[in-house]
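Chain A is fixed; fit chain B onto it per the hints.
Residue numbers (my numbering), protein chains in the order written: chain A, -18 to 570; chain B, -18 to 570.
Think of the hints as simulated: they come from the structure by calculation, not from any bench.
Mixed in with the good hints there might be a few duds.
Where chains are identical, the list cannot tell them apart; a pair therefore holds if satisfied intra-copy or between any two copies.
In the SDA-like style, the derived pairs of lysine to any residue whose C-alpha atoms are separated by at most 20 Å in a straight line are [unchecked claim]: (1) Lys139 to Glu(-10); (2) Lys440 to Leu(-17); (3) Lys567 to Pro153; (4) Lys478 to Asn84; (5) Lys85 to Pro441; (6) Lys483 to Asn84; (7) Lys285 to Thr230; (8) Lys167 to Leu422; (9) Lys274 to Ser254; (10) Lys119 to Gln7; (11) Lys562 to Ala423; (12) Lys139 to Thr115; (13) Lys139 to Val117; (14) Lys167 to Tyr565; (15) Lys377 to Gly328; (16) Lys137 to His125; (17) Lys137 to Val241.
A quick note: this is a predicted structure, and the numbers were derived from the prediction, not measured.
There are 2 protein chains.
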Amino acid sequence: MLRTNTCGELRIENVNQTVTLCGWVQKIKDLGSLTFIDLRDRYGITQLKLNIDSDSSLNQIAKNLGREFVLQVTGTVIERESKNKNNPTGEIEILVTQINILNKSITPPFTIEDETDGGDELRMKYRYLDLRRTIVRKNLELRHRMALETRNFLDKQKFIEVETPVLIKSTPEGARDFVVPSRMNKNQFYALPQSPQTFKQLLMVSGFDRYYQIVKCFRDEDLRADRQPEFTQIDCEMSFVEQEDILQTFESLTKHLFKVVKGIDIPEIPRMSYADAMKFYGNDKPDTRFEMKLVELNNTVKGKNFKVFDDAALVVAICAKGAAEYTRKQLDELTEWVKRPQIGATGLVYARHNTDGTLKSSVDKFYNEEELKKWSESCGSEPGDLILVLAGGEEKTRKAISELRLEMGTRLGLRDKNKFSCLWVIDFPLLEWNEGDPNLLASLAGRWHAKHHPFTSPKPEDIHLLDTDPGKIRANAYDIVINGVEVGGGSIRIHNKDLQAKMFEVLGFTKEEAQKQFGFLMNAFEFGAPPHGGIAFGFDRFCSLFGGAESIRDFIAFPKNNSGKDVMIDSPSEISDEQLKELYIKTYE
Amino acid sequence: MLRTNTCGELRIENVNQTVTLCGWVQKIKDLGSLTFIDLRDRYGITQLKLNIDSDSSLNQIAKNLGREFVLQVTGTVIERESKNKNNPTGEIEILVTQINILNKSITPPFTIEDETDGGDELRMKYRYLDLRRTIVRKNLELRHRMALETRNFLDKQKFIEVETPVLIKSTPEGARDFVVPSRMNKNQFYALPQSPQTFKQLLMVSGFDRYYQIVKCFRDEDLRADRQPEFTQIDCEMSFVEQEDILQTFESLTKHLFKVVKGIDIPEIPRMSYADAMKFYGNDKPDTRFEMKLVELNNTVKGKNFKVFDDAALVVAICAKGAAEYTRKQLDELTEWVKRPQIGATGLVYARHNTDGTLKSSVDKFYNEEELKKWSESCGSEPGDLILVLAGGEEKTRKAISELRLEMGTRLGLRDKNKFSCLWVIDFPLLEWNEGDPNLLASLAGRWHAKHHPFTSPKPEDIHLLDTDPGKIRANAYDIVINGVEVGGGSIRIHNKDLQAKMFEVLGFTKEEAQKQFGFLMNAFEFGAPPHGGIAFGFDRFCSLFGGAESIRDFIAFPKNNSGKDVMIDSPSEISDEQLKELYIKTYE
Chain A
-18 MLRTNTCGEL RIENVNQTVT LCGWVQKIKD LGSLTFIDLR DRYGITQLKL
32 NIDSDSSLNQ IAKNLGREFV LQVTGTVIER ESKNKNNPTG EIEILVTQIN
82 ILNKSITPPF TIEDETDGGD ELRMKYRYLD LRRTIVRKNL ELRHRMALET
132 RNFLDKQKFI EVETPVLIKS TPEGARDFVV PSRMNKNQFY ALPQSPQTFK
182 QLLMVSGFDR YYQIVKCFRD EDLRADRQPE FTQIDCEMSF VEQEDILQTF
232 ESLTKHLFKV VKGIDIPEIP RMSYADAMKF YGNDKPDTRF EMKLVELNNT
282 VKGKNFKVFD DAALVVAICA KGAAEYTRKQ LDELTEWVKR PQIGATGLVY
332 ARHNTDGTLK SSVDKFYNEE ELKKWSESCG SEPGDLILVL AGGEEKTRKA
382 ISELRLEMGT RLGLRDKNKF SCLWVIDFPL LEWNEGDPNL LASLAGRWHA
432 KHHPFTSPKP EDIHLLDTDP GKIRANAYDI VINGVEVGGG SIRIHNKDLQ
482 AKMFEVLGFT KEEAQKQFGF LMNAFEFGAP PHGGIAFGFD RFCSLFGGAE
532 SIRDFIAFPK NNSGKDVMID SPSEISDEQL KELYIKTYE
Chain B
-18 MLRTNTCGEL RIENVNQTVT LCGWVQKIKD LGSLTFIDLR DRYGITQLKL
32 NIDSDSSLNQ IAKNLGREFV LQVTGTVIER ESKNKNNPTG EIEILVTQIN
82 ILNKSITPPF TIEDETDGGD ELRMKYRYLD LRRTIVRKNL ELRHRMALET
132 RNFLDKQKFI EVETPVLIKS TPEGARDFVV PSRMNKNQFY ALPQSPQTFK
182 QLLMVSGFDR YYQIVKCFRD EDLRADRQPE FTQIDCEMSF VEQEDILQTF
232 ESLTKHLFKV VKGIDIPEIP RMSYADAMKF YGNDKPDTRF EMKLVELNNT
282 VKGKNFKVFD DAALVVAICA KGAAEYTRKQ LDELTEWVKR PQIGATGLVY
332 ARHNTDGTLK SSVDKFYNEE ELKKWSESCG SEPGDLILVL AGGEEKTRKA
382 ISELRLEMGT RLGLRDKNKF SCLWVIDFPL LEWNEGDPNL LASLAGRWHA
432 KHHPFTSPKP EDIHLLDTDP GKIRANAYDI VINGVEVGGG SIRIHNKDLQ
482 AKMFEVLGFT KEEAQKQFGF LMNAFEFGAP PHGGIAFGFD RFCSLFGGAE
532 SIRDFIAFPK NNSGKDVMID SPSEISDEQL KELYIKTYE
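Isolated chain A (complex conformation) (with noise of 0.2 Å):
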């Protein structure tokens, strides 16, 4: 090794001793006859103490050091005369006698620094360098630490890692493929996995009974600000088990990854449909760290004259705590808010419950203090409470009102990002209508498309709905939900050939096209397939959530930008001629 020491680990128990560090120079403090150098590693920074004065050789170095420099060297551990409480070295210096340059650097292009001068463009760029700093680094020091507290948890279980394999066949019922050329097979082509979906189910027909990977998928999709062409997944897979064995077995591994990675005790993860998750939140994901939950209005705000209100499909409230005296003007701001297009609301009504307990709203031509009272026990209000109400087409209003729940979550305070509310969401409904998804194939539109995948099981009760109202069915389907956020979801899974032939039906295949794609499971089926299901968690976003922070590309080392570029290898780029010719395609602007 080039080092004897780390420069996070000596302390003042290590005085006296002499050490060989290697790092780099963070800092220089040029104080006439005396230098001293902060220089960083991974595992800290340790002060370089160097007499310039009593060495004319290390004097010719330090002058000629810079940002960035690597250095290795070596000296005798003293104590610090002015002691930095704030750093775990910051006792003891090291009184240096020798340094050794590795490797010069230029200028960096930006400060590495937690608080760095870099623009996001520019520190993707030089991601090697945005990974030195500290905040960045710990980032990936976390998810190394879930990854492999996720392993031994579901070892000791009993799960088995099998790795799947990556260049499988195009079957785009989900979202885009990526495809890859096939050299040795003229014409044809493998595809990424957009999850081990079949697989796993395939290793359950093999009876290997409990499965999991923390596995890379792809996704060809239209990059939204959180979402990468490729992602990582915990997917696992159970056989002889029913959702409730699953929804217990993947609580205990959220509890679990909470208390050994953030020393946090989870209690029992509650459970809502579906239905009512949209009924009180207005999403399937609900941000249980507040309540603040939608109160719908229709029947005791219409026939008093208020066009806006009559008219509407859905009036839905919430009611703020605390919020009674919101300016006018942040009112006014609020207003504007909702009427942005990302939300769509036309309009935002108002009502203070004033700490003297009266009440008084931005329709009082319409609504007396009688019937704002009726808005007041709907909404359960008290005094100092703010009622805010939206109006309209049902689903948009939903939408919109959902939004606003969480603006004046975030404004009142109430989503503290150390903070963490579990859900699971079940019931979900097995089909929705692709009125003609932009992430999808065009020829997919006008169609029923799963909601979780075509694997997912209905509900036996609900199963006699295939044929009549596909979309009232329910599936055995589960998400569970943090803060807000989709962390993982899964479902019992079809077992039986026959209704899985059905589904892929409903789904608008063709016998032939279903038994192209997807025959092998279908077969599969055949030979004594287990009860089964599983779930996935989005990994980078089960990271992001532990580590606070609202993006996924903090927590993967080279994150591509939303044009699904890496804009530091400058990829993706041409390839030569030769290539192309030996791939047997073209390609054309």
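Below, chain B alone, put in the same frame as chain A:
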């Protein structure tokens, strides 16, 4: 859970308990009034006893059962009359009160037994049934154990697992890349990584210091028997180290795995230079479970009018201990064996060192006993041994005798798969001349090619040969070889921009090509790259070695065949015109 216990856990202590098991029907024995069923799951086999006479509904069900049906059975644990000592559950059986058929099975195309009647192709097509066989499942359990132990070991050594991207950039200077057309970036392609080499080096530049990853890699090669287009590596890199540190760290890992997975204590791993490996074993991955070193006889045998030897660039022998009693027939057969095109020798000369001390050769016409004594002295033969000699062109003959040595090792029972002999081969040449390797792009023929990869550091004392005699340069590169299998390899890397640029020049890159493909790495070296090096283990092969198997395919859940096809899912396959169009590519014949 649909069961209270597994089929592997019930013992005599459980007698009188009421239990519910789930599993597959392995065997049915109909004894008239009694029916016995072997029920199998991942954990074992438990015998079920059905008293048909006393329960007519059981009778009805039992009559319709077949092999591989999936059952849920409830009953009482009872002591068996005739115990089966070979089965951990063999002291008990379940007196069944209730059977629930969870799923039926049609007759499997081959038997689900360790010794199956299914051929290779059939078992691959129905891999999900093949995986039911205990022998195959155990391979994947071993693989899981190896991976987890590796991770926990490296974690304790402060290595961090970092996921590197799968969608990267094509740099086909090694083998061919698999490429992925980008929909969002017209006419541009990602490539799948042949290894995370450049990324792990960037992590060292980032100060990550100790990185590992168990990671899928991809190589578009013409597949030989034991290659897969996608394979898994234990990929590792360390900073502030010299070669010695890496050898010691990964020697520890190797020993740890042998200890915890196989219960074997591996002694200190010896080291051998590449030059010695070629000289004494004829190849760079010698099987050191047995000696039988190569002995060059050029100086001993020339000038005796035996034209074959006189004309040969190399005359080389091995001494097969205790094989003097090989019959003429055996020796003729061995001669045919070395003349096969895969071996390529023109003939075989032998000399028996008889138990009475006399020497008798197949070329007595040219060599009297006095001369043969010289052979014997050179080879260190003793009475009872057999000296085998090949002669011809240097390279071809060395390769042939190396194969003959392995063959004789096998025939003499010296290659026990339960015995393990580890070896470090060091001091590899940096470069080799590419005459036209079919696994490389044709445009790379007639150039120097990096023996490990272009990032390997030449030995400092050999750097001056870069311009004058590149073939003579030795690298700080090393392989770990176990039982003649190259299990891993690595090197100390270049961390200096100028040396890296020089290296690309020697490899025939123009400055522009080098900058375009690897500019990001050379730029990174300007910002304080630390000295670093690493290693990668071929994980599939490592597992197959531990499992005592010849082929890596047995240790991959869903392998591809020699044409790169997955015959189970029928991949690669054609994709739709809609998909091709979105990717701006056309196929052609």
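To see whether the hints hold, each was checked on the structure:
no.	hint	result
1	Lys139 to Glu(-10)	between (37 Å within a copy, 13 Å between copies)
2	Lys440 to Leu(-17)	between (63 Å within a copy, 17 Å between copies)
3	Lys567 to Pro153	between (22 Å within a copy, 19 Å between copies)
4	Lys478 to Asn84	between (63 Å within a copy, 10 Å between copies)
5	Lys85 to Pro441	between (68 Å within a copy, 19 Å between copies)
6	Lys483 to Asn84	between (65 Å within a copy, 18 Å between copies)
7	Lys285 to Thr230	neither (52 Å within a copy, 80 Å between copies)
8	Lys167 to Leu422	between (24 Å within a copy, 17 Å between copies)
9	Lys274 to Ser254	within (15 Å within a copy, 73 Å between copies)
10	Lys119 to Gln7	within (17 Å within a copy, 51 Å between copies)
11	Lys562 to Ala423	between (30 Å within a copy, 12 Å between copies)
12	Lys139 to Thr115	between (36 Å within a copy, 16 Å between copies)
13	Lys139 to Val117	between (34 Å within a copy, 18 Å between copies)
14	Lys167 to Tyr565	both (7 Å within a copy, 18 Å between copies)
15	Lys377 to Gly328	within (13 Å within a copy, 85 Å between copies)
16	Lys137 to His125	both (18 Å within a copy, 12 Å between copies)
17	Lys137 to Val241	both (15 Å within a copy, 16 Å between copies)
Hint compliance for this structure: hint 7 alone is broken.
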